[in-house]
Amino acid sequence: MKQVMEFEKPIVNLKEKIAELKNFTKDSEIDLTEEINTLEKRLSVLEDDIYGNLKPWQRVQMARHQDRPTTLEYIEKLFSNFIEFHGDRLFGDDEAIVAGIAYYKDRPVTVIGHQRGKDTKENIRRNFGMPHPEGYRKALRHMKQAEKFNRPVICFIDTKGAYPGKAAEERGQSEAIARNLMEMAGLKVPIICIVIGEGGSGGALALGVGDHIHMLENSTYSVISPEGAAALLWKDSGLAQKAAETMKITSYDLKQLGVIDNIIPEPKGGAHRDVDQQAVYMDHIIEESLRVLKDHTPEELLEKRWEKYKQIGDFATL
Amino acid sequence: MMPSGVEKGGVTLLKDLFGKRKKYATIPNHQAKTDVPEGLMQKCDGCHKIFYRKEMKKNLNVCPNCGHHHTLLAWDRIECLFNMDSFEEWDKDLITSNPLQFPGYEEKMEQDRLKTGLNEGIITGKGFIEDQAVAVAVMDSSFRMGSMGSVIGEKIARAIENAREQSLPFIIFTASGGARMQEGVLSLMQMTKTSIAIKRFSDAGGLMISVMTHPTTGGVSASFASLGDYNFAEPGALIGFAGRRIIEQTIREKLPDDFQTAEFQLKHGQLDKVVHRHEMKALFTTLLDMHKEGGEIS
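As they're listed, the protein sequences go chains A and B.
Residues in the first sequence are numbered from 1 upward in steps of one, following the numbering used here.
Residues in the second sequence are numbered from 1 upward in steps of one, following the numbering used here.
Just so you know, these hints were derived from the structure itself, not from any lab.
Fair warning: there could be bad hints in the mix.
[Said to hold, decoys possible] For lysine-lysine, the following DSSO-like pairs were computed, each having C-alpha atoms within a straight-line distance of at most 27 Å:
| no. | chain 1 | residue 1 | chain 2 | residue 2 |
| --- | --- | --- | --- | --- |
| 1 | A | K15 | A | K41 |
| 2 | B | K57 | A | K166 |
| 3 | A | K235 | B | K254 |
| 4 | B | K267 | B | K254 |
| 5 | B | K43 | A | K166 |
| 6 | A | K166 | B | K254 |
| 7 | A | K9 | A | K22 |
| 8 | A | K310 | A | K105 |
| 9 | B | K254 | A | K310 |
| 10 | A | K310 | B | K267 |
| 11 | A | K235 | B | K115 |
| 12 | A | K55 | A | K121 |
| 13 | B | K92 | B | K43 |
| 14 | B | K54 | B | K43 |
| 15 | A | K144 | A | K17 |
| 16 | A | K77 | A | K294 |
| 17 | A | K188 | A | K308 |
| 18 | A | K105 | A | K166 |
| 19 | A | K308 | B | K92 |
| 20 | A | K235 | B | K108 |
| 21 | A | K268 | A | K9 |
| 22 | B | K281 | B | K54 |
| 23 | A | K55 | A | K188 |
| 24 | A | K15 | A | K2 |
| 25 | B | K54 | A | K242 |
| 26 | A | K144 | A | K121 |
As the structure is a prediction and not an experimental result, all values here were calculated from the model.
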């Protein structure tokens with residue numbers, strides 16, 4: 001049973017009612033086919049109405065949904081022969097980030113992503129997907145290896161942010177993030193980034209510099225969580241819903257702001273309702289991105305990357 | 001040694017015995033606070049001694065008694081390092097367009113423009129330290145806490161590009177609480193924009209010196225501030241990624257007083273050197289000279 005969010009309760013209730021009627025029809029003489037048909041039509045309209053018009057806060061809930069597929073689940077669906085490699089060779093292995101190589105349609109690629117846990121036990125091991133510096137340094141080690149062996153890099157972004165802890169600060173959280181930004185800027189192989197859940201600030205960005213940036217429809221990408229923004233701006237974290245709207249954090253907002261290239265559609269009700277279908281949608285985009293990027297020389301790639309980021313931001317002249 | 005808590009407890013007890021303990025606090029009213037002509041005297045934030053403001057300013061806002069480094073405004077910083085006759089400011093007229101249409105943002109910016117006389121929390125340009133031309137960017141924390149939005153990102157990126165094209169070394173003084181909330185994800189993307197500019201500059205052989213001043217945190221610390229060939233900081237400056245309060249809440253533990261100071265970062269290998277403000281110019285002069293050979297952009 002998937003966790004039900006408040007706003008989708010009418011849909012779930014109606015679905016239950018239809019199931020009940022169907023069950024009833026099976027064991028009784030009375031024919032309810034017509035009623036069922038009517039209700040199913042209503043369901044379809046209701047689904048379109050609710051899922052088709054999600055408010056920013058509802059998308060935040062989708063992005064954070066406990067059943068939302070994680071990096072490793074997508075890796076399993078999209079690639080073959082994934083081999084995970086560990087460690088940053090400097091301090092340790094941060095399980096909040098997974099990295100390795102795999103085949104994407106017979107072509108070796110480097111895959112890196114934030115990794116949340118699916119339950120409390122795994123979440124503790126993976127630090128709720130919030131990396132320490134060694135996680136970012138592991139990621140960078142894999143990127144440089146990808147460059148050496150001329151493999152494209154595919155990054156999955158899914159984190160509340162870099163871990164705000166004492167040890168993380170002592171080991172240079174800032175430097176680790178900054179270093180990744182700079183090195184990704186100059187990496188001579190294609191980089192494709194896909195935001196699959198929450199894209200939380202610098203901790204997300206440290207895997208997020210690339211040639212093509214895509215977002216799942218119900219994922220978010222933001223400089224700060226809506227709760228954090230509300231606390232900072234209005235001294236009231238209860239205004240998170242308002243902040244989710246004001247801060248412009250949905251895939252549609254980011255597309256409009258020119259920050260991302262494509263929105264990847266999600267199955268009705270969110271990625272967690274049909275992971276296979278979600279993987280198919282992602283597959284289309286990855287294939288297309290790789291096709292476009294494979295013809296660029298390294299010099300063209302870097303020049304285009306600079307051109308892409310140079311124009312992000314907006315200002316006026318006095 | 002007696003723990004300080006017990007010691008304090010003892011003092012309180014004595015005071016209570018003699019009935020001399022104040023049962024109330026005096027809150028000075030606004031009038032009293034402003035009785036002293038504004039700007040004449042200045043209390044040191046470090047040792048709390050009082051000095052003539054003029055004396056403090058002459059000392060580059062470093063306390064003559066304890067050496068505490070107070071905030072230095074961007075123009076004051078530039079004046080103490082550069083020959084002002086030949087300083088050329090870049091992109092002065094860039095201002096925010098309020099890209100997210102954030103309510104109240106433009107009014108706040110207008111207030112800060114009036115308060116500081118700056119159009120944004122940064123000054124960029126070209127100047128001479130002794131006879132060496134450099135591109136420079138100086139952030140100003142009195143303008144919206146030096147928070148970084150599109151304009152700051154753009155001005156830094158342009159300054160670095162200018163440095164690359166004109167074969168100049170690039171020096172940046174950071175002072176910022178991090179990303180500017182009112183520009184949301186566009187602020188975040190300035191981290192990328194500036195980092196790519198630095199990569200291009202660095203690949204071309206350019207010399208970049210970063211000096212982190214109080215405070216350098218969040219997205220600024222996690223991008224250009226940490227990407228110099230040499231990363232310096234002023235004594236006592238607060239430098240870090242996450243805020244102290246957030247970390248204390250996360251780990252449920254009180255952090256040591258020196259946490260995230262320049263000295264703490266030096267101890268943990270995150271800085272090349274902590275540099276006293278009075279020694280900054282001499283260090284630059286030497287460093288620039290040492291990079292004349294081979295430090296030039298090809």
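Does K108(B) lie within 27 Å of K235(A) when you go C-alpha to C-alpha?
Holds: K235(A) and K108(B) sit about 17 Å apart, inside 27 Å.
Between the alpha carbons of K310(A) and K267(B), is the straight-line distance 27 Å or under?
Measuring from Cα to Cα gives roughly 36 Å; hence the hint is violated.
Check the hint pairing K55(A) with K121(A) against an upper bound of 27 Å on the C-alpha distance.
violated (32 Å)
With the threshold set at 27 Å, check whether the alpha-carbon distance from K144(A) to K121(A) stays at or below it.
Violated - the C-alpha atoms of K121(A) and K144(A) are around 32 Å apart, more than 27 Å.
Pair hint K15(A) and K41(A), alpha-carbon separation not exceeding 27 Å
Holds. K15(A) to K41(A) sits at ~11 Å (cutoff 27 Å).
Agreement of K254(B) and K310(A) with the hint, judged by alpha carbon distance not exceeding 27 Å:
Roughly 41 Å separates the two Cα atoms, so the pair is violated.
Taken at face value, is the distance from the CA of K54(B) to the CA of K281(B) at most 27 Å?
holds (21 Å)
Mind checking the alpha carbons of K308(A) and K92(B) for me, to see if they're no more than 27 Å apart?
holds (24 Å)
Keeping to a limit of 27 Å between CA atoms, is the pair of K105(A) and K166(A) held or broken?
Outside the cut-off at roughly 42 Å; violated.
Hey, K57(B) versus K166(A), does the alpha-carbon distance stay inside 27 Å?
Measuring from Cα to Cα gives roughly 36 Å; hence the hint is violated.
Satisfaction of hint between K188(A) and K55(A), Cα-Cα up to 27 Å:
The hint is violated at about 39 Å.
Would the hint linking K310(A) and K105(A) be met if the CA-CA limit is 27 Å?
It is violated: about 33 Å lies between the C-alpha atoms, which goes past 27 Å.
The structure fails hints 2, 5, 8, 9, 10, 12, 13, 15, 18, 23, 25 and 26 (numbered hints given earlier, in ascending order).
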